[in-house]
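S.K.: Please build the complex by placing chain B on the supplied structure of chain A, with the hints as guidance.
Here is how the chains run, residue by residue.
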Amino acid sequence: MTLLAQVAPTAGGTAEVVVFWVFAVIALGSAIAVISLRNVVHGAVMLVLNFLSIGGLFLTLESAFLSVIQVLVYGGAIMVLFLFVIMLLGVDRDDLLQADLRTRVLAIAGGALLAGAVLFAFVGPYTSEASVCGPDAPAPGPGEVACAGLAEAYDEDDGAGARFLGRSLFTTYTYPFELAALLLTVATIGAVILARRRDLEPEDEDLADLDAAAADDLDGDDLDGASGAAAERHVAGDGPGTTERGG
Amino acid sequence: MEIGYYFILSGLMFCIGLVGVLLRRNAIVLFMCVELMLNAVNLTLAAAARMWAGPDGQVFVFFVIVVAAAEVVVGLAIIVNLYFRRGTLDVDVPQLLRW
Numbered sequence: 005m006t007l008l009a010q011v012a013p014t015a016g017g018t019a020e021v022v023v024f025w026v027f028a029v030i031a032l033g034s035a036i037a038v039i040s041l042r043n044v045v046h047g048a049v050m051l052v053l054n055f056l057s058i059g060g061l062f063l064t065l066e067s068a069f070l071s072v073i074q075v076l077v078y079g080g081a082i083m084v085l086f087l088f089v090i091m092l093l094g095v096d097r098d099d100l101l102q103a104d105l106r107t108r109v110l111a112i113a114g115g116a117l118l119a120g121a122v123l124f125a126f127v128g129p130y131t132s133e134a135s136v137c138g139p140d141a142p143a144p145g146p147g148e149v150a151c152a153g154l155a156e157a158y159d160e161d162d163g164a165g166a167r168f169l170g171r172s173l174f175t176t177y178t179y180p181f182e183l184a185a186l187l188l189t190v191a192t193i194g195a196v197i198l199a200r201r202r203d204l205e206p207e208d209e210d211l212a213d214l215d216a217a218a219a220d221d222l223d224g225d226d227l228d229g230a231s232g233a234a235a236e237r238h239v240a241g242d243g244p245g246t247t248e249r250g251g
Numbered sequence: 002m003e004i005g006y007y008f009i010l011s012g013l014m015f016c017i018g019l020v021g022v023l024l025r026r027n028a029i030v031l032f033m034c035v036e037l038m039l040n041a042v043n044l045t046l047a048a049a050a051r052m053w054a055g056p057d058g059q060v061f062v063f064f065v066i067v068v069a070a071a072e073v074v075v076g077l078a079i080i081v082n083l084y085f086r087r088g089t090l091d092v093d094v095p096q097l098l099r100w
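If you're matching them up, the sequences are chains A and B in order.
Numbering of the first sequence is given in this note's numbering, commencing with residue 5 and proceeding in unit increments.
Numbering of the second sequence is given in this note's numbering, commencing with residue 2 and proceeding in unit increments.
Don't take every hint at face value.
Listed next, with one range per pair, are the computed distances between beta-carbon atoms [what the hints assert, rightly or not]:
#1 B/Trp-53 to A/Val-190: 16 to 26 Å
#2 A/Val-21 to B/Asp-93: 38 to 48 Å
#3 A/Gly-194 to B/Val-94: 18 to 28 Å
#4 A/Leu-117 to B/Val-92: 19 to 29 Å
#5 A/Leu-105 to B/Gly-55: 45 to 55 Å
#6 B/Asn-82 to A/Gly-147: 47 to 57 Å
#7 B/Asn-82 to A/Glu-148: 48 to 58 Å
#8 A/Thr-107 to B/Gly-55: 36 to 46 Å
#9 B/Val-94 to A/Pro-146: 19 to 29 Å
#10 A/Phe-88 to B/Val-65: 14 to 24 Å
#11 B/Val-94 to A/Val-21: 47 to 57 Å
#12 A/Val-190 to B/Gly-55: 27 to 37 Å
#13 A/Arg-200 to B/Gly-55: 41 to 51 Å
Some, not all, of what chain B presents toward chain A, calculated at C-beta under 8 Å [what the hints assert, rightly or not]:
#14 Ile-4
#15 Gly-12
#16 Cys-16
#17 Ala-54
#18 Val-67
#19 Val-81
Simulated from the structure, these hints should not be mistaken for lab results.
Note that the Cβ used here is the ideal one computed from N, Cα and C, for glycine as well.
Okay, chain A solo, but in the shape it has when bound (with noise of 0.2 Å):
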């Protein structure tokens, strides 16, 4: 928490202001490049960089915890899932794949739209001086939000916001919690049943001769339906099997 106190001291301290720009502008940015960087690769180390400025954000908002929890399983975990899911399937060259003319002014406008209600409704309550966090901001004028701020929470405990959190997930959300640990064990079995492959086995025999294999697929696949379709996923899914089988 040391690192915390100097981030965030006081209401409305400058150092807070400073580390909320800096990585509000890091985050927007990274953001932007997410959606319009044509490389694939590109864009996943932007989103990257996005979560990183994001666990920043949560060090400002006084939740240490959150801010090590998101680099560690966003920035670490999630994003190492992509980059391999992007390279096994040697995608990162781009995309053709951009949307109509159409369709590229609508989805603008619709955000920019929604980017519009966003400031409207968020400009003015909750920006005016009663929105400081903590004790020293004046009293909210009518139609003003004020903000309570956690310092006071985590005295009680402390000072550690691992405990504050930690207490509140293990007695009023301990259902929740079991929940979730379910839902991994569902999603873990889950892509296991998904990464399975079924013709894997018939197939391993003639590797090295592609069109046995074909006729073997046209013959005795029904689940494919279109013969068209079975041909040309063996066609794709070829390469990428020889170097699972070899590993």
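M.R.: Chain B alone, transformed into the frame defined by chain A:
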């Protein structure tokens, strides 16, 4: 720091993610934009927890991260399977489920 700026920032990030989902046609990029939107919501929840000085918002962020992890695992497995079956990641290619 006024709490409203956090809400505005996360709202703008959500809009950027939404535009990305509508614009891009690559399934993996679509997925990354959804993650962007989830993170924007997380930021809102953490800011609300600070505003009301309660743990609930932080607990919600915790659960959103758990669900996002599960979602990414299953979603990426589905994307890998789709790529092996159809040889493309374009979400506009005629769908198997369309009737």
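S.K.: If a hint holds in the structure, say so; if it does not, say that too.
M.R.: Results of checking the hints against the structure:
| no. | hint | verdict |
| --- | --- | --- |
| 1 | B/Trp-53 to A/Val-190: 16 to 26 Å | violated (33 Å) |
| 2 | A/Val-21 to B/Asp-93: 38 to 48 Å | holds (44 Å) |
| 3 | A/Gly-194 to B/Val-94: 18 to 28 Å | holds (24 Å) |
| 4 | A/Leu-117 to B/Val-92: 19 to 29 Å | holds (24 Å) |
| 5 | A/Leu-105 to B/Gly-55: 45 to 55 Å | holds (47 Å) |
| 6 | B/Asn-82 to A/Gly-147: 47 to 57 Å | holds (53 Å) |
| 7 | B/Asn-82 to A/Glu-148: 48 to 58 Å | holds (52 Å) |
| 8 | A/Thr-107 to B/Gly-55: 36 to 46 Å | holds (41 Å) |
| 9 | B/Val-94 to A/Pro-146: 19 to 29 Å | violated (56 Å) |
| 10 | A/Phe-88 to B/Val-65: 14 to 24 Å | holds (22 Å) |
| 11 | B/Val-94 to A/Val-21: 47 to 57 Å | holds (48 Å) |
| 12 | A/Val-190 to B/Gly-55: 27 to 37 Å | holds (30 Å) |
| 13 | A/Arg-200 to B/Gly-55: 41 to 51 Å | holds (44 Å) |
| 14 | Ile-4 | holds (4 Å) |
| 15 | Gly-12 | holds (3 Å) |
| 16 | Cys-16 | holds (4 Å) |
| 17 | Ala-54 | holds (4 Å) |
| 18 | Val-67 | holds (5 Å) |
| 19 | Val-81 | holds (6 Å) |
Checked against the numbered hints above, the structure breaks hints 1, 9 and satisfies the rest.
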